[in-house]
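Novice: Note that the protein sequences, when read in sequence, are chains A, B, C, D, E and F.
Reminder that position 113 of the first sequence reads as 113 in my numbering, one-by-one numbering, no gaps.
Reminder that position 98 of the second sequence reads as 98 in my numbering, one-by-one numbering, no gaps.
Reminder that position 51 of the third sequence reads as 51 in my numbering, one-by-one numbering, no gaps.
Reminder that position 263 of the fourth sequence reads as 263 in my numbering, one-by-one numbering, no gaps.
Reminder that position 232 of the fifth sequence reads as 232 in my numbering, one-by-one numbering, no gaps.
Reminder that position 181 of the sixth sequence reads as 181 in my numbering, one-by-one numbering, no gaps.
Hints are computed from structural coordinates only; laboratory data are not their basis.
All figures in this text were calculated on a predicted structure; none of them were measured in a lab.
Check the hints yourself; a few may be wrong.
[What the hints assert, rightly or not] In silico lysine-lysine, BS3-like type, Cα no more than 25 Å apart, as pairs:
{"hint": "1", "chain 1": "D", "residue 1": "K408", "chain 2": "D", "residue 2": "K441"}
{"hint": "2", "chain 1": "D", "residue 1": "K404", "chain 2": "F", "residue 2": "K168"}
{"hint": "3", "chain 1": "A", "residue 1": "K168", "chain 2": "A", "residue 2": "K91"}
{"hint": "4", "chain 1": "C", "residue 1": "K214", "chain 2": "A", "residue 2": "K91"}
{"hint": "5", "chain 1": "D", "residue 1": "K441", "chain 2": "D", "residue 2": "K404"}
{"hint": "6", "chain 1": "A", "residue 1": "K98", "chain 2": "D", "residue 2": "K453"}
{"hint": "7", "chain 1": "D", "residue 1": "K404", "chain 2": "A", "residue 2": "K168"}
{"hint": "8", "chain 1": "A", "residue 1": "K168", "chain 2": "D", "residue 2": "K483"}
Listed below, chain by chain, are the residues.
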Amino acid sequence: MLAATLAISTLAAVFGLLLGYSAVRFRVESDPVVDQIDALLPQTQCGQCSYAGCRPYAEAIAAGEADINRCPPGGEATVLALADLLGRDPKPVEGETKPPSVAIIDEQVCIGCTLCIQACPVDAILGAAKQMHTVIESECTGCELCIEPCPVDCIYMVPIAPDISTWKWPFPAGETQSADREAVSS
Amino acid sequence: MHFRTQTSPHMTPAHNVGQVMRRVLYALVPGTLAMAWYFGWGVLINVALAVVLAVGLEALMLVLRRRPVIPTLSDYSAVVTGWLFALALPPLTPWWVTLVGVGFAIVVAKHLYGGLGYNPFNPAMVGYVVVLLSFPREMTLWLPPMPLSEVSFGPMQALAAIFLGQLPPGLTWDAITTATPLDLMKTELGRNLTITEIRDNPLFGDFSGKGWEWIGNWFLLGGIALLFMRVITWHIPVAVLGGLAVTAGLFWIVDPDAYASPAFHVFSGAAILGAFFIATDPVSASTTPMGRILYGLGIGVLIYVIRTWGNYPDAVAFAVLLMNMAAPTIDHYTRPRVFGQKPPRRENGGTP
Amino acid sequence: MSDISYREINANGFWHNNPGLVQLLGLCPLLAISGTVVNALGLGLATTLTLVASNVTVSLIRHWVRPEIRIPVFVLIIASVVTAIELAMNAFFHELYLILGIFIPLIVTNCAIIGRAEAFASKQPIPKALADGLAMGLGFTCVLVALGALREAVGHGTLLADAHLMFGEAARGFGLTLFEEYRGFLLALLPPGAFIALGLLIALKNIIDARLQKRQPAHAAVPVEAAV
Amino acid sequence: MTEQAHKLHRFHGGLHLPRHKEESTRDPVLPMRIPARLIVPLRQHIGESAEACVAPGDRVNKGQLIGRCDTYVGAAVHAPTSGRVVEIADHPVPHPSGLSAPCVVIEPDGRESWGESRLPPIEDYLDADPVSLRNRIREAGIVGLGGAAFPSAVKITPRPGQTLDCLVINGAECEPYITCDDSLMRTHARGVIEGIRILMQALKPRCCLIGIEDHMSGAIAAMRDALGGDEAHGIRIVPIPSLYPAGGERQLIQVLTGREVPSQGLPADIGIVCQNVGTAYAIYRAVAHGEPLISRIITVTGKGVQHPRNLEVLIGTPIADLVAAAEGYTDEVSRLIMGGPMMGFALQSDAIPVVKGTNCILAASHEDVAPPGPVMPCIRCGQCAEVCPAQLLPQQLYWFARAKDFDKAQDYSLFDCIECGCCAYVCPSNIPLVQYYRFAKNEIWAQERERRKADIARERHEFRQARLEQEEREKAERLARKKAALAAKQDDTADDPKKAAIQAALERAKARKAAQEAEQMSAEKADKEPSG
Amino acid sequence: MMRNIIISGVLLALFGVVGTALVAFVYQGTAERIAANIEAATLSSLHDILSHEAYDNDILADSVLLSHELLGGRDLRAYRARLGGEPVAAVFTVVAPGGYSGPIRLLVGIRVDGTLDGVRVVSHRETPGLGDEIEVGRSDWILSFDGRSLLDPFYDRWAVRRDGGVFDQFTGATITPRAVVTAVRDALIYFESHRDIVFAPLPDAQPVDAAPAEDAQTGAVQTEALMEASPRE
Amino acid sequence: MTEYALILISTVLVNNFVLVKFLGLCPFMGVSRKVETATGMGLATTFVLTLSSVCSYLVNEYLLAPLGLEYLRTIAFILVIAAVVQFTEMVVHKTSPLLYNVLGIFLPLITTNCAVLGVALLNVQEAHGFIESALYGLGAAVGFSLVLVLFASIRERVAVADVPLPFKGNAIALITAGLMSLGFMGFIGLVK
Ligand SMILES: Cc1cc2nc3c(=O)[nH]c(=O)nc-3n(C[C@H](O)[C@H](O)[C@H](O)COP(=O)(O)O)c2cc1C
Ligand SMILES: Cc1cc2nc3c(=O)[nH]c(=O)nc-3n(C[C@H](O)[C@H](O)[C@H](O)COP(=O)(O)O)c2cc1C
Ligand SMILES: Cc1cc2nc3c(=O)[nH]c(=O)nc-3n(C[C@H](O)[C@H](O)[C@H](O)COP(=O)(O)O)c2cc1C
Ligand SMILES: Cc1cc2nc3c(=O)[nH]c(=O)nc-3n(C[C@H](O)[C@H](O)[C@H](O)CO)c2cc1C
Ligand code: SF4
Ligand code: SF4
Ligand code: SF4
Ligand code: SF4
Ligand code: FES
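Just chain A, with the same shape it has in the complex (with noise of 0.2 Å):
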């Protein structure tokens, strides 16, 4: 008995040293793959996967708190991309996913209470205080952050439309199988 916890306990010490000097040895500080994750989301920040932007969702993700499928503004592609990086399952997005769209506000009765100005997670409004707003849009995100603190309501989204350059190829109909693609579970 003496030799057995003698000679396991020699055998743990040994390695626990070892262990302990190579925790020191390989530190590590930071973790780049919340970069990773991060460059891959849309950068809507409209908080829809219930986070306070784009970034703290990917902090979440890295920590393995949230799930990949959070992102609506990013649609299946972000759930496939992430799901690629990490090694995950795709699954389908949570909430629905609109087209995407930008603001516009109504510059007849727009107020220029410049609540929307600090609402835009991304600068995209113009304008000063008592004046006249307008969305800059190229810049705006579709976020719909402005849409709630306008008193008026003047701001409306309204679907990018689709135009030659930004056309896409239709996915093909697929073959006669899959023609019914629902469960057979049920």
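Starting from the known structure of chain A, fit chains B, C, D, E and F with the ligands onto it as the hints suggest.
Specialist: Using the frame of chain A, we list chains B, C, D, E and F with the ligands on its own:
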């Protein structure tokens, strides 16, 4: 005026998968008839039974999966699967063996993966291996080929044997069955007999088993027809038979009394059928030209290795399954050089 | 996470996060020792015992272990428990011990056990850890036994044959023969059969889950909307 | 004439297709009457759209500049005939999407008056300096007439450090049905040869090879006549075997020279420039006659029209007018295709105008374009790989495109696919392969666009965060200062500046600490252990 | 830094001590029982062949290691049963080398008079469903040896029917029964010619360790070839 | 020499650890979604497995056997393995964070990869010497990596197949493993 739009190309010849599969079936006919000639009605009954079961199970699966039944059935792939499976069976195999085998082939190996085109493993061979492992007794009940057999079975007797397990009065399984030439070669070599002694057995013909060699020739004919109809390319059959013959040749040269000749190996068992009809199953085989050669060589070599040192006298099914397994990986590493690219590009993550 | 309820613990262990069907942990013994119901039951109980003991111990010491030696400490605990159980089985269920063979010491490396230690016990108080160990262990045993029953029934046509190995001589007659004259379907007993059988069990679970989910909206109309 | 035959090479794959060329070559080219309305799209080329430089109501001369394009990769647009601009508005243009784009709509006056608009002809073009030739080609708005409509001036501008070896003239016309280049060569061989000589003057290549498919004997003979033999002035006419897609730039270059254009590269990378015969002719007209590109020869064919033939058409003519010139539709017509049956795209309506890149209008009957059988799953038969001229693995590309695994698709060289359609033609499963590739390419481009947009958004967001933080800090400091001042005022020792400073410093430190704590707290929250 | 390292070591060692102590404690409690179990298992497989009233010696201790071609290998253990000091029977471990997929290990019990007490398969790798009918649990073919001797049937008919002998083969499998029949016959021949050596008293009365583990631990036969990862190889 | 070759053939093909002996299944199922990660995992496991096979042989031979402490084998071996793995983990975390993230919980789980402990225990059971132990470990690891990579590339293909919904994911993966195992049954008898 307004028109419907469709994607290019706007002209395509009228062809479909059913056509391809039908050609395979035509090519199978000569070999199948030869087999029936040597082994009796049982062969035809097996084929008919397996085809009916295969088509029936395919239809059942399609209904369960809520897929259109008729268009899919008309691709004839289930018929090919059933037929090829039946050709691997001994002539008087009980019906329930066929049922289990076809069931595994169609349901597990094919439809659980999504049906035609998606199965990574050759369905017929999955079915065959399943029954070979599960019912070894039934799967070794081979009859001697026609010129050697003392009893001949009429169609009714064959039906009785297959469906009721009844032999004509006075016969026992022990009396009518015999080992296949490959089996005999293996077990007798195991008893340290020399090839010359073994070849004295009446089962052997000119270079392989009596009857077997002719069956092989007829399948060869069908296979060549497939080549001409451009259903298959030369790569796989040539590589399979080449791999088998060269490996066999090497050992045979070293010790012709302990290792059977290449001709024996090529013309025995399912080697030719396998090379032209089974290894070439496009769905589960490799697709790149170089990949097909490697894939075929692998099958050829594995057939020899398992036949010679393993437990299974005719190793075609195992060799095919094993290389099916490797096909995606082979494809991955044998991508042809793309037009305008200098060295063949390897995927970055391929060999980290 | 910290306020997980006992109900949830149970649901997780037996169904939603079942080690065998969902987490796919502890597969080696699951597939290797599920040839017959009795073997499965024996190993399942041994595993449960280990799981409970290790969960409790890990939870007990969770505040003292440093991260770098966390895994060695956990496995040390598990290994001690397993060796003790192994010795006990050798002494009291010798025949079963011989059949289970190397898979008893291999309980140490049953991924489900260390997985629970890492993911649950090292963060939870003792009672919860104990409940979790019990739920997970029994959940695992259930799968093991289900798989064993499936394979034994299909492979041999019997159930609970050799019950005496576990319950003593009195149980020799427990065995059921399901089909007389059954020829046996060897595949079910071979390694490929084990894989395929587990695959089928998982598919079965998926089907049941899908059914349940379909029925759900009737009961709780509010929260599902987001999920659909 | 017993020169040694030019050594030909073979490209991988390819298809022998039914040709259907006789139908449209029975009659000579018919110059079309001026239509009632011309719809001239402002963007008929690869690159930025031109900007209209006329206004509705303006009168324009034939050949007058109506769309200016100042970007490097771009082409000007000219009025095809004289008349009045009625509107400048969005109008459906030839595009697979059927979407609309800005067009200048002209009501011809039928006078065809050039006014001042004709460019001064360059008479001694064989001695002219390359720069002036290139400028002329640019001014004339010439784009490739072989299909891609790439601005020709760009193509013939040598890039620094590149020497030009060979000019390849594409007269292959490998697609079934199309005969516009054939007709052009038979009727205007001289002009084509002169155009080639102008190109040679501009490019100074060592040699020039004209590739023409060997079944076009009339065109070959006419070209030989015009050139005065098989080889003259360093130009050589080479009949090439008919094999689709021998007219693809890369394939033609390989057939003629044995060299492969590098993947993702340009012919210029191996010292070659490739131009279509029509382009050469257009260049000749522009240089020698000062005519911008305002008309071209277009084949109208297929069982869907009464009288298949080649027409000389003003750019902007609605397709309905072309069909009328071919004596109208037959009852069989079922699909209208711009381009050939292999690569062309189907149109929704015949109100769409023709553009510079239009070489063929195919009014196909049901029989010509029999609907493919039902789409079945890919059986990996590998026939697509056998015919792919780019030596790709079409079935792998298809699997990846279907799975939306675009990284893998790119890894399998998706962008080397020339969309020739050979793979889809042979596929026994009738999978619309090319559409999958187009879908994948479009998605990848869209993702790139989105990525760029996201990067900008991230930058702006981070900038804003930083700004808010800064403001917050300043506010806090201001507050602290005010408080300190207030405190100092109240304090008896108000005039002790040292004390006030200490006080302020303390406040600042406190504020900083609070901020730090808040940050730490949120970090801790994020750090919380991963869930089970 | 240094402190952390040492703490790690000490902590791990501490757990080592506690864990090992626990195990060692259990070990001491169970060691005896385990040894007894092993003995009982061996005995029970011997008793399948040998009635345990037939002898009165400590059969596990009274065993020798034999090596001979006729037995099929080296260092094969044979157990001697004696009644009142007189030899009654011997149980040989025999290896039949000619199985379909590898050697077959048998226990062959032979009485002093040269008749077979019984034959049992200890381990084999024959094809399940085909060659495994030699197991007593699968068919009673193996019982057909009981009571036979070299003269019954006569020496040259010790073969399967297909080879002109008296023993049945199985449908579709001749190799396996052939191998077993030959091995049993050879064991009988060995016994006839080496009787003295077999029953010689232990040279230095050194009882052989009662853990001949590899041979015979259970009555259950191990089908190693195909069945699930075999617990014992 | 032949016997060494036989050990390799036996462990890689005939008695493949994953498909025939059922060892190391969790990482086999868990890290086989992508070929790249599978390759990484294969390499990591090969390294750990070979090293720990040798180490545990040494511990058994020079520590446990002389002291008569064979019953402590499991504990001693697992300690060796855990240390080797933890060490590897820290090195990987430092040198390749992405690989670390991808291998995720599976890196520490190499510790609890049954194959690793299994090799150590089987080495003792079959009385392997030093070189045999090393080869046995190497063969087991190569067999593991081989089937892992093959399996991963099949899974990549199956992932885009039209698999019936209840079978998508793990169920079809297990069935695939079953069919692979079916193929490996063909090697039975190669090493008698
Ligand atoms: C996006 C794009 C960029 C190109 N850039 C150049 C260029 O810089 N220089 C050049 O000589 N040709 C350039 N080309 C023209 C190509 O070399 C080629 O002649 C043209 O795409 C016509 O090809 P096709 O009709 O075979 O498709 C470019 C073409 C495309 C589509
Ligand atoms: C599949 C394919 C087939 C083509 N066939 C022809 C052809 O027959 N004739 C032709 O002039 N251009 C053809 N092209 C376009 C050429 O590749 C190339 O763009 C053109 O010759 C360049 O000349 P351009 O800039 O003067 O148009 C084809 C392109 C592709 C992708
Ligand atoms: C897959 C397979 C496994 C076999 N396994 C055995 C076996 O375990 N034992 C045996 O005696 N014969 C086995 N055989 C049969 C032998 O190869 C041989 O055919 C048989 O023993 C000869 O007996 P027969 O003359 O009664 O047919 C097997 C055959 C096959 C195809
Ligand atoms: C040349 C050729 C060979 C085939 N060989 C097989 C075969 O060996 N086994 C089989 O089940 N199906 C075979 N098929 C049919 C079909 O490909 C098969 O059922 C698919 O694997 C089902 O998805 C073959 C088809 C062709 C065209
Ligand atoms: S839902 Fe997507 S876009 Fe919106 S904040 Fe979250 S990550 Fe960013
Ligand atoms: S303008 Fe409105 S919708 Fe657009 S980015 Fe700003 S807050 Fe979002
Ligand atoms: S031709 Fe069609 S079916 Fe054949 S491999 Fe290519 S895509 Fe698949
Ligand atoms: S369309 Fe693309 S993939 Fe298909 S044959 Fe042409 S180049 Fe190859
Ligand atoms: S249980 Fe064996 S690796 Fe997980």
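Novice: Take the hints in turn and mark each one as holding or not.
Specialist: Status of each hint after checking the structure:
With a C-alpha separation of about 12 Å, the suggested pairing of K408 of chain D with K441 of chain D holds against the 25 Å cut-off. Pair hint K404 of chain D plus K168 of chain F holds up; C-alpha atoms about 17 Å apart against a cutoff of 25 Å. The suggested pairing of K168 of chain A with K91 of chain A holds, with an alpha-carbon distance near 24 Å, which does not exceed 25 Å. This hinted pair checks out: K214 of chain C and K91 of chain A have alpha carbons roughly 18 Å apart, not beyond 25 Å.
Under the criterion of a C-alpha separation no larger than 25 Å, the hint pairing K441 of chain D with K404 of chain D is consistent with the structure, at around 11 Å. At most 25 Å may separate the alpha-carbon atoms for a hinted pair to count; K98 of chain A and K453 of chain D meet this at roughly 17 Å. The straight-line distance between the Cα atoms of K404 of chain D and K168 of chain A is roughly 14 Å, inside the 25 Å bound, and the hint therefore holds. For the suggested pair K168 of chain A and K483 of chain D, the alpha carbons sit about 60 Å apart, so the restraint of at most 25 Å is broken.
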